[in-house]
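Participant: This is what each chain is made of:
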Amino acid sequence: MEKGKKRLTDNAALQSFIASVVCILGGILVGAIVLFVLALFNKDIPIGEAFRGILIVLGGPFSSGSSSDVLFNFGDMLLESTPILMTGLSVAIAFKTGLFNIGAPGQFLMGATGSLLTALSIPTTESTRFWVWLLALLVGMLFGALWGAIPGIFKAVFKVNEVIVCIMCNWIAANAVSWIFYSTGDSFINIAETKTKFIRTTMSNNVATPRLGLNKLFPGSNIDISIFIAALLAILIFILLNKTKLGFELKAGGFNTNAAKYAGMNGKRNTILSMMIAGALAGGGAALWYLNGMNDFLWNTYSSLPTEGFNGIPVALLASNNPIGVIFSSIFLKYIGKGGFNLAGYTQFNEYVSNLIIAVIIYFAGFSKFIRDWLFNKRKKNEIYINAKPVENVKETVHKANDVITQGVSPGITDTPSEGDGAEHMPLEDELSDEMKEGGNG
Amino acid sequence: MVFMLQKTLIYAIPLLIVALAGTFAERSGIINIALDGIMIFGSFIGALTVYLLQKNDLLTDHPQLIFLLAMLAATVAGALFSLLLSFSAIKLRGDQTIGGTALNLLAPAVALFFIKVFFMQDKLVMPKDIGYVILNPGMGPAASVLFDKAYISTYIAIILFVVLSIWMYKTKTGLRLRSCGEHPQAADSVGINVHRMRYLGTTISGALGGLGGYIYIATTAGGTCEGTVAGMGFLAIAIMIFGNWKPLTIALGSLLFGFLKCLSVIYTQLDLNGDGVFSLAQLGLPMYFYNLIPYVTVLIVLAFTSKNSRAPKAEGIPYDKGQR
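One line per chain: the protein sequences are R and P, in this order.
Quick note: the first sequence, position 258, residue 286 per this note's numbering, numbers continuous.
Quick note: the second sequence, position 213, residue 215 per this note's numbering, numbers continuous.
Each hint should be verified, as a subset may be incorrect.
Said to hold, decoys possible - Per the computed footprint, the stretches of chain P lying under chain R, defined by three or more beta-carbons under 8 Å from a beta-carbon of chain R, are:
1. 103–109
2. 114–125
3. 235–248
4. 284–291
5. 303–312
Said to hold, decoys possible - Going by beta-carbon spacing under 10 Å, a handful of chain P positions derived as facing chain R:
6. 100
7. 229
8. 230
Worth flagging that the hints you see were computed from the coordinates, not collected in a lab.
Idealized CB from N, CA, C, for every residue including glycine.
Could you put the whole structure together from the sequences, leaning on the hints where they help?
Facilitator: Here is the structure:
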């Protein structure tokens, strides 16, 4: 490193950005290959159709045809990005704390219930409707936070793996929510003939997220300012994680539980708090979605979980759990999704191509570190091994190599920290020379 | 009672086999969060096999053979699909949670994409009257639990479960596989090929997951492949953790869960003491209450038993020779 010029590509942030771009291109490439192979083997679909198809997917809402359709779809894209932005934040902050919040669907359902019950049961006047809206949003977040607290408490107090508690809580929420609306009967359920599966929209009580003229900018779309509220929350979470003591403690607990404990941090409190914040975000996502005033909530949901909850996971992963990145990854997912729907409308392919592309992108993101090393760090890797002086300095070299390697280990879904058994390393001359060979070849 | 136990088995068998699938991956050190996706992929290939065989009028007189072939296809498909996970997790040392999540997204996308392209609809329905069900009316109550209204998949799953559990605990390879999930560095130092063991564990896991996925849609879900297994893969992961990564407790866990799950479906037809009064139905509780019981029970049991819980130590951590 010291010798030679410092290259632009040595910048770590730039490297991970380029690696992300490579992942995205890879996903698109695989999607294109699938379309072309299908067109090759299917006589009904001309090859040109595949080429046109991939362009439509990449165009997202812009490939919607007429300019009014483009505006409408663009507005809807931003609107639909909001809930997955929020669940993405929820999953990301939990990941940062070393927890896998697969319970976002349940927290989402609870948030929807809390906000709908509030927004529909308080009568409004012109002057109070904003305050009812705000209260409903906060109650939705509170419901989510309380639901998120359950896996947090189980993890902190009983040391139960949060994944299993989250999965159980999802299904408990699905049934509990159905039960709540089943028992309250007609007071909340939409009585219109074709809509009895749904809860009344909050618009029926004149409660709705302010539009601020956005619906005039994107005619036909129900877009409101929720995407900006969600983006603001993402920035707040970013500040919380990176600029505050609490954020530092949360991250420290995720990085190394034992070290955080040793440094005097209250791990149990932080686990519960992290899950509550995560739950509040997921619940808030649901509140923002249903407080739009035009979105129907399927109340008898005992046998299905909301996809918005699960989609938080790819959103967070695509952004490497960076709260600011979550804003862009959530919009990107919906962008490709809109492209998929246009694809179904205009070609013989269907909308599932966009899901396929997203899945492949996430797959590549799983080994983005490998991609990064492969693109940029070949030289560095060699230097570490080649500059080492194996005979006198074996131990030190092994430690150095360890440091380099362990930096990349991200928290998995269980709380088994990687064993820091530095003192027990044997002088491994054979091993080291193997590594040197590998490094030399690479 | 017999009816109830039969139903219990139908719910418990997919859970049992998929939870064992998870155990094989995790005991070798790979977190297989992709089980849901693997199940979906297996169920899709299995359903496709049945469809293709029937369309070409093959084996029409041998429904059980069609069923077996579909199970075989699902098993192979699951194993191949899981290679995506093991390649990323073992060879490329990728993050196993992300890789698994990707597979969970990929499987329904692939299944639905091709179903829609080829069948112009969102689901692939297998004809129900094909006669997979083995009917043996008139047996004693004890025997009819296992042999009347049964599926051949139940026997296969139970045999596989027993054989593979014994294999994992009583053979040299099984021991080696488990050691790679606990302390791969130590395993490597005595000459065990950690990467090969982890590939083995994940591939067995994928095979069982694919099989479980097909059994689920063929028996529990009524023969429709819609690109989903209703979160069964995640439930199986929960059962695996619940069962403490040990086959015997997993078996008990999935039977308990299957029993409670079946209770929530049949409680209205349940006559507890045979006096013709459906006592549970008369309590007037909505079905949501019974639906909640299995999940709440799992949480309560976990709260009391979690002290003994022990995950494989090295799961989720890519193996690195340099860390020895």
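Participant: All hints are to be evaluated individually against the structure, with a verdict given for each.
Facilitator: Structure-based check of all given hints:
Beta-carbon proximity to chain R at under 8 Å applies to 5 residues in the segment 103–109 of chain P; the threshold of 3 is reached and the given coverage holds. Counting residues of the segment 114–125 of chain P whose CB falls under 8 Å from any CB of chain R gives 4; the rule of at least 3 is met. By the rule of at least three residues with a Cβ nearer than 8 Å to a Cβ of chain R, the coverage given for the segment 235–248 of chain P holds, with 6 such residues. Judged by the Cβ-Cβ criterion of 8 Å, the segment 284–291 of chain P is covered by chain R as claimed, because 4 of its residues qualify and three suffice.
Given as covered by chain R, the segment 303–312 of chain P passes the check, having 5 residues with a CB less than 8 Å from a CB of that chain where 3 are the minimum. For residue 100 of chain P, the interface hint holds, the least distance from its beta-carbon to any beta-carbon of chain R being 4 Å, beneath 10 Å. Taken as an interface hint, residue 229 of chain P checks out: its beta carbon lies about 8 Å from the nearest beta carbon of chain R, inside 10 Å. At about 9 Å, the closest approach between the beta carbon of residue 230 of chain P and any beta carbon in chain R falls short of 10 Å, and the interface hint on this residue holds.
Violated hints: none; the structure is consistent with every hint.
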